[in-house]
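Participant: Assemble the complex: chain A is given as a structure, and chain B must be docked to it using the hints.
Below, each chain spelled out in residue letters.
Number of protein chains: 2
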Amino acid sequence: MKKVDVGKRILGANETYALRNSQILNRGKKLCLNMISSPGSGKTTLLVRTISDLSDTVAIGVIEGDVQTDIDAERIRATRAPAIQINTEGACHLSAAQVNKALQELPLDDLDAVFIENVGNLVCPSAFALGENGKIVVLSVAEGDDKPVKYPAIFAKSKALLINKIDLLAGGLQVDFDLDRVHADARKLNKDIAVFPVSAKTGEGMQQWYDWLDAQVRSLR
Amino acid sequence: MKKVDVGKRILGANETYALRNSQILNRGKKLCLNMISSPGSGKTTLLVRTISDLSDTVAIGVIEGDVQTDIDAERIRATRAPAIQINTEGACHLSAAQVNKALQELPLDDLDAVFIENVGNLVCPSAFALGENGKIVVLSVAEGDDKPVKYPAIFAKSKALLINKIDLLAGGLQVDFDLDRVHADARKLNKDIAVFPVSAKTGEGMQQWYDWLDAQVRSLR
Chain A
4 MKKVDVGKRI LGANETYALR NSQILNRGKK LCLNMISSPG SGKTTLLVRT ISDLSDTVAI
64 GVIEGDVQTD IDAERIRATR APAIQINTEG ACHLSAAQVN KALQELPLDD LDAVFIENVG
124 NLVCPSAFAL GENGKIVVLS VAEGDDKPVK YPAIFAKSKA LLINKIDLLA GGLQVDFDLD
184 RVHADARKLN KDIAVFPVSA KTGEGMQQWY DWLDAQVRSL R
Chain B
4 MKKVDVGKRI LGANETYALR NSQILNRGKK LCLNMISSPG SGKTTLLVRT ISDLSDTVAI
64 GVIEGDVQTD IDAERIRATR APAIQINTEG ACHLSAAQVN KALQELPLDD LDAVFIENVG
124 NLVCPSAFAL GENGKIVVLS VAEGDDKPVK YPAIFAKSKA LLINKIDLLA GGLQVDFDLD
184 RVHADARKLN KDIAVFPVSA KTGEGMQQWY DWLDAQVRSL R
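In order, the protein sequence lines correspond to chains A and B. Going by this note's numbering, the first residue of the first sequence is number 4, and it counts up by one from there. Going by this note's numbering, the first residue of the second sequence is number 4, and it counts up by one from there.
Looking at chain A on its own, in the form it has when it is part of the complex (with noise of 0.2 Å):
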């Protein structure tokens, strides 16, 4: 039987539609970061905050990507911001040929940036460009210090890390989570990334990954 490599045809149409958004995110200097985490890490809260919080400096639309359901759309859409939601119907990542047509629904023209919230898993979204400027990958504390060695893909291709739920951290112990080995580990899968410890509950650390996603959209400028 002849071998069909069908990965390599696959990951070809879609890198195809990838470089279709990124010129149409390049042609109108929109930042567009792909949001990466397990589920429940806490991305759509962070992104309601965001949102809010930079209401008057930074413009942002929200692709979402789940399974089923448009409940997280519907949390962005109260902040008044843009969003579109995806469902990929029991696929575990977005494809780029999904968010091409989402960027067409998008009013690109009014905004300075786009999130892409990919599905919740921690592994097959990272493979798969969808034609952003870069990745973002969330880590909850309560998922344990031991994710960036045992899930190094997508940290070594992630420009930021936001280890999110500090809260969690706070008075004691309620959960088990050494931060200096997070930061520690992921600096070894990737020299370069931004770690941003935060929680999204409470407002702590937000400021500091606010300045850096400020940056982000400036430098586009």
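Heads up, a few of these hints could be off.
One copy or two, it doesn't matter: identical chains are merged, so the pair holds either way.
Unchecked claim - Derived lysine to aspartate or glutamate pairs resembling EDC-like cross-links, with alpha carbons at most 20 Å apart:
1) K32 x D59
2) K191 x E92
3) K32 x D113
4) K153 x D73
5) K204 x D179
6) K104 x E92
Hint data in this document are derived by calculation from the structure and do not stem from the laboratory. Everything numeric in this text was worked out from a predicted model, so none of it was measured.
Facilitator: Okay, now just chain B, sitting in the frame of chain A:
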């Protein structure tokens, strides 16, 4: 171009190995549970505590699936239980062929039950039968109470749901999580699912899980 139905062909090969695994396990009257969850829900900690607490009554062996590292198998072996590590090198789920090889390496005659700890991923592993008697889904309260509706497949297919890290709900509002909502949403997808709110850290709720597990082992004798 002729379309090749690759999904079907791969699933076919997987099903063949799953059937073989199932025959091996049935012949030996061994319980085999396939544990599936997001990264960091606490699967390994749950297993370590379960193995230790049941060491006098149920002999457990473990097949550990991870993208990289053998950290988890080492944690299991510290309990003196046998553990076989499989590294998927990037793949987002275990295959039945990998489990087949591991089953041949485990001292099956000395065991009552085999736990397969799948790769941390709430999407992909749910689509691949490994020859198990049942799937177990683990959800940490830190991941949020919207996961059954957002990732329905694994909740629909599992025999039991372990809601872990309930210690984070104690004494107030460290984590916002509506246990009743998760019960109701999981039962809507799967009326027979057994639900166990537990803390593998403090031991709370673990006895009900042990009773259920013991009944599953006995039912095969």
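Participant: Please work out whether the CA atoms of K32 and D113 approach to 20 Å or closer within one copy, between two copies, in both situations, or in neither?
Facilitator: within (12 Å within a copy, 64 Å between copies)
Participant: First find the shortest C-alpha distance between K191 and E92 inside one copy, then the shortest across copies, and answer within, between, both or neither for a cut-off of 20 Å.
Facilitator: between (36 Å within a copy, 19 Å between copies)
Participant: From the Cα coordinates, with 20 Å as the cut-off, is the pair K32 and D59 best called within, between, both, or neither?
Facilitator: Cα proximity of K32 and D59: one copy only (19 Å, versus 65 Å across).
Participant: Regarding K204 and D179, is the shortest C-alpha distance of 20 Å or less found within a copy, between copies, in both, or in neither?
Facilitator: Both. Shortest intra-copy (19 Å) and inter-copy (11 Å) distances satisfy the 20 Å Cα cut-off.
Participant: Is it within, between, both, or neither for K104 and E92, if the alpha carbons may be no more than 20 Å apart?
Facilitator: within (16 Å within a copy, 32 Å between copies)
Participant: Between K153 and D73, at a C-alpha cutoff of 20 Å, which is it: within one copy, between copies, both, or neither?
Facilitator: between (30 Å within a copy, 9 Å between copies)
Going through the hint list in order, the structure satisfies each hint without exception.
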